[in-house]
Amino acid sequence: MDSIKNRRTIRKYKQQDIPENLLNSLLEEASRAATMGNMQLYSVVVTRSEEMKSKLSPIHFNQPMVKNAPVVLTFCADFNRFSLWCKQRKAEPGYDNFLSFMNAVSDTLLFTQNFCTLAEEAGLGTCYLGTTIYNPGPIIELLKLPKLVVPVATITVGYPDEMPTQPDRLPLKGIVHNEVYSQYSEKDIDDIYEYKESLPENKNFVEINNTETLAQIFTDIRYKKADNEFMSSGLIKILKEQGFF
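If you read the sequence shown in our numbering, its first letter stands for residue 73, the second for the next number, and so on.
Derived by calculation from the structure, the hints in this document are not laboratory data. Predicted model, so just to flag it, every value in this text is computed and none were measured. Take the hints with a grain of salt, since some may be wrong.
What the hints assert, rightly or not - Here are the in silico distance ranges between beta carbons for each label pair:
{"#": "1", "residue 1": "Ile264", "residue 2": "Trp157", "range": "53 to 59 angstroms"}
{"#": "2", "residue 1": "Lys245", "residue 2": "Gly109", "range": "31 to 37 angstroms"}
{"#": "3", "residue 1": "Ser126", "residue 2": "Arg80", "range": "24 to 30 angstroms"}
{"#": "4", "residue 1": "Ser126", "residue 2": "Leu244", "range": "40 to 46 angstroms"}
Said to hold, decoys possible - Subject to a maximum C-alpha distance of 30 angstroms in a straight line, what follows is the list of computed DSS-like cross-link-like pairs (lysine-lysine):
{"#": "5", "residue 1": "Lys216", "residue 2": "Lys125"}
{"#": "6", "residue 1": "Lys84", "residue 2": "Lys127"}
{"#": "7", "residue 1": "Lys125", "residue 2": "Lys245"}
{"#": "8", "residue 1": "Lys125", "residue 2": "Lys162"}
{"#": "9", "residue 1": "Lys275", "residue 2": "Lys309"}
{"#": "10", "residue 1": "Lys219", "residue 2": "Lys309"}
{"#": "11", "residue 1": "Lys219", "residue 2": "Lys84"}
{"#": "12", "residue 1": "Lys312", "residue 2": "Lys216"}
{"#": "13", "residue 1": "Lys259", "residue 2": "Lys159"}
{"#": "14", "residue 1": "Lys139", "residue 2": "Lys259"}
{"#": "15", "residue 1": "Lys245", "residue 2": "Lys259"}
Don't be surprised by glycine CBs; every beta carbon is placed ideally from N, CA and C.
Just need the whole structure built from these sequences, with the hints factored in.
Dropping the structure here:
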């Protein structure tokens with residue numbers, strides 16, 4: 073599919089609504105994704121109203137696409153629905169644990185990726201917001217998510233109003249291992265990251281941030297250890313509150 077080969081993140085959208093029948097069709101097709109035990113351990117909250125998008129925006133660090141996109145989709149790992157079904161059918165669910173959360177996360181992300189692929193093939197643009205698992209508590213409160221439901225991915229979607237440069241990707245030799253995992257040598261790492269480090273925009277990041285290497289942009293500025301540990305503790309707290317521990 074050319075839409076896969078040419079995909080890019082779209083953050084600017086035309087002020088053109090997405091018809092409900094198109095969105096529902098894409099979501100229905102996306103639900104054909106692989107799923108643990110055919111349980112479909114996910115739900116999606118569709119946000120269209122300006123009021124709700126305005127409330128979601130600060131939770132996602134005020135990234136402008138949250139307000140500008142015609143539709144915001146919050147994909148949730150959901151063992152609530154299946155557990156309710158079990159109880160109503162005289163079966164005792166045992167899904168209030170971390171393994172069940174991971175199974176639901178896997179289901180949700182497969183569903184999410186299917187949707188993105190289908191949406192892009194239909195001429196829509198999408199942007200994945202990693203901030204969802206950084207700040208799940210306020211999302212749970214705003215979207216009124218019950219126990220055993222946790223947001224894991226947010227996608228903004230709309231008709232593209234930009235054509236940004238396609239981001240780089242590591243060469244296949246950097247991600248594929250035959251039969252067993254082969255540890256990387258220093259030369260392997262140099263070869264795998266050579267192109268990424270050579271890009272003018274990445275060299276500029278290094279210069280304007282006064283770092284020695286591109287890797288330090290990630291470790292010292294964008295994804296710092298202290299931030300990761302703080303948000304990890306918050307996520308664990310939320311999983312306990314939502315009944316997965």
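Quiz prompt | Satisfaction of hint between Lys125 and Lys216, Cα-Cα up to 30 angstroms | solution = The given pair, whose Cα atoms are some 15 angstroms apart, holds under the 30 angstroms limit.
Quiz item: Is it true that the C-beta distance of Ile264 to Trp157 lies inside 53 to 59 angstroms, as the hint says?
Solution: 46 angstroms, violated
Quiz item: Can the restraint linking Lys125 and Lys245 be considered satisfied, given a maximum Cα separation of 30 angstroms?
Solution: 41 angstroms, violated
Exercise. Please work out if Lys219 and Lys309 have their alpha carbons no farther apart than 30 angstroms.
Key: 13 angstroms, holds
Practice problem: Could you grab the alpha-carbon distance between Lys275 and Lys309 and see if it respects the 30 angstroms cut-off? | Solution: 38 angstroms, violated
Quiz item: Okay, Ser126 versus Leu244 on CB: inside 40 to 46 angstroms?
Solution: Hint holds: Cβ distance 43 angstroms, inside 40 to 46 angstroms.
Quiz item: Keeping to a limit of 30 angstroms between CA atoms, is the pair of Lys84 and Lys127 held or broken?
Solution: 19 angstroms, holds
Self-check item: Pair hint Lys259 and Lys159, alpha-carbon separation not exceeding 30 angstroms
Solution: Given that 30 angstroms is the threshold and the Cα spacing comes to 56 angstroms, the pair is violated.
Quiz prompt | Agreement of Lys219 and Lys84 with the hint, judged by alpha carbon distance not exceeding 30 angstroms | solution = 34 angstroms, violated
Quiz item: Honestly, do Lys245 and Gly109 meet the 31 to 37 angstroms range at C-beta?
Solution: Roughly 35 angstroms apart at Cβ, these two residues keep to the hinted range, so it holds.
Quiz item: Given the hint that Lys312 pairs with Lys216, does the C-alpha gap stay at or below 30 angstroms?
Solution: Holds. Lys312 to Lys216 sits at ~17 angstroms (cutoff 30 angstroms).
Quiz item: CA of Lys125 to CA of Lys162, is that 30 angstroms or under?
Solution: Not OK: Lys125 and Lys162 at ~40 angstroms, beyond 30 angstroms, violated.
Checked against the numbered hints above, the structure violates hints 1, 7, 8, 9, 11, 13, 14; every other hint is satisfied.
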